[in-house]
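With these hints in hand, go ahead and build the complete structure from the sequences.
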Amino acid sequence: MNIPKNKIKRILTHFLLLFLLYILQTSVFTHIRLFGVFPLILPLAVVGIGLFEDGLNGGIWGIVAGLLCDISLADSGVLFTVSLAAIGFFTGFLSEFILARGFPTYSLLSLLVLAVLSFLQMFQYLIFDNVSFKILSRVALNQILYSALFIIPVYYPVKRVARKNRG
Amino acid sequence: MLMKDFFKTKGVKVAIILAAVLIIILLSSLAFGNGTNVFSNTLRIISSPFEQGLTYIASYLEDIYSYMYDFDRLKAENEELKTQIAEIEEIVRQSKVSNAENQRLRELLKLHNSRPDMVFEDAAIVSWNSSNWSSTFIINKGSNTGIELYDCVITETGYLVGQVIEVGSTTSVVRTIIDAETSIGAIVDRTGISGVAEGDFFLMHEGCLKLSYLPAGADLINGDTVLTSGKGEVFPQGLVIGKITSAHKEETGLNWYGIIEPSAELSSLTQVFVVTDFKFPEEQA
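If you read the sequences in order, they're chains A and B. Count along the first sequence from 1, then add 4; that gives the number in this note's numbering. Count along the second sequence from 1, then add 1010; that gives the number in this note's numbering.
Bear in mind the hints are in silico, worked out from the structure with no lab data behind them. Beta carbons are placed, not taken as given, at the ideal position from N, Cα and C, and that holds for glycine. Among the clues, some could well be false.
Only pairs whose alpha carbons sit at most 30 angstroms apart, straight line, appear in this in silico DSSO-like list of lysine-lysine [claimed, not checked]:
hint: 1; chain 1: A; residue 1: K138; chain 2: B; residue 2: K1253
hint: 2; chain 1: B; residue 1: K1120; chain 2: B; residue 2: K1259
hint: 3; chain 1: A; residue 1: K138; chain 2: B; residue 2: K1259
hint: 4; chain 1: B; residue 1: K1289; chain 2: B; residue 2: K1253
hint: 5; chain 1: B; residue 1: K1241; chain 2: B; residue 2: K1253
hint: 6; chain 1: B; residue 1: K1020; chain 2: B; residue 2: K1085
Short derived list, chain B residues pointing at chain A, Cβ under 8 angstroms [unchecked claim]:
hint: 7; residue: S1144
hint: 8; residue: A1190
hint: 9; residue: S1193
hint: 10; residue: H1215
In structure tokens, the structure reads:
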């Protein structure tokens, strides 16, 4: 089998970025709590890859990043695998037709995705464990705010990797 | 006048003068008797600064030579010393780790002596999860070493840490006692009042849990020690959960609850012990 060099390079670049962000999320920022919470970084990259590449790559990124999130978070079942795969795919799909590929779209989409994920995470506690909405929403809001700090730092490397690959 | 002509015409005179000077020098040398004469003394005074300068230059050159010659040797020696320092530092570090482990094992031995009914399996914490919605960590032991679902996890001093909620072959997930899902039968050591130590989503972020379902007017004071009651047969009896830091009325106004600060320092845990087997109070009796 003859795999083109640039394809191998592309896969390696993506893998490296994914690995770096995973390490940051699970090993570095687990020691740095802000507002009493940890940030979510990988979903921001899924949005970026979907937006600057296409639905297929967004979906693949979503599945892999989601799996990593579910493994590291331990309490989410397959929530991230499913939701990030869908987010990556639809972001990529919409970016080919409707969405403008730029920072404003990326940042608004990222905030939306963070809000959706936080809501999904708090859902089980709200319904099954009868925890008050006020307490849950405070944790969710803190998680969104802390994670939002990474919108800009994640934007540039993701855009660079995606554009490089698009040629 | 050329030098040749000079010697031809004045050679005899010059020779006589030179011979005279030599004779004077010899005579003066013999006269002083200490080997020093006016001429040699004068010559030495004049030449002394030059000699000192030359000596200094020679010494300087010698230093450079020695430096160049010794540089490689000193460099090698320096490298060797650095390696030795690194080795010593490693030994010190290892010794600190060993001391800490030794201390933990001593405590465990005490616990083992005081609780012969329990069988332990030591485990190291591999990683804490990064979720904001639960409090769990992963240990490096699984079903291969006899760990089973719902085994309880303690520190070397017997403080309750949590419970195994997932078992893999080589790793397991432990839910800590502050997790919102936790529910343990508990008693207050001082009074014997029983209740349920349960996780609370809000308190989890404060690193605490609550002692619920206490009877109205329950005698509860700050610093009361809360132990596992052993009811439910999931946790061994008498493990220390933590200490009461405050008491409050439930929203219904009927019951009281206390806030428990865990005795185990969850944030600094690196090693834990899984209780793989224990005897129930009836069996012990």
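Results of checking the hints against the structure:
no., hint, verdict
1, A:K138 x B:K1253, "holds, 27 angstroms"
2, B:K1120 x B:K1259, "violated, 38 angstroms"
3, A:K138 x B:K1259, "holds, 20 angstroms"
4, B:K1289 x B:K1253, "holds, 25 angstroms"
5, B:K1241 x B:K1253, "holds, 19 angstroms"
6, B:K1020 x B:K1085, "violated, 67 angstroms"
7, S1144, "holds, 4 angstroms"
8, A1190, "holds, 6 angstroms"
9, S1193, "violated, 11 angstroms"
10, H1215, "holds, 5 angstroms"
Checked against the numbered hints given earlier, this structure breaks hints 2, 6, 9; the rest are met.
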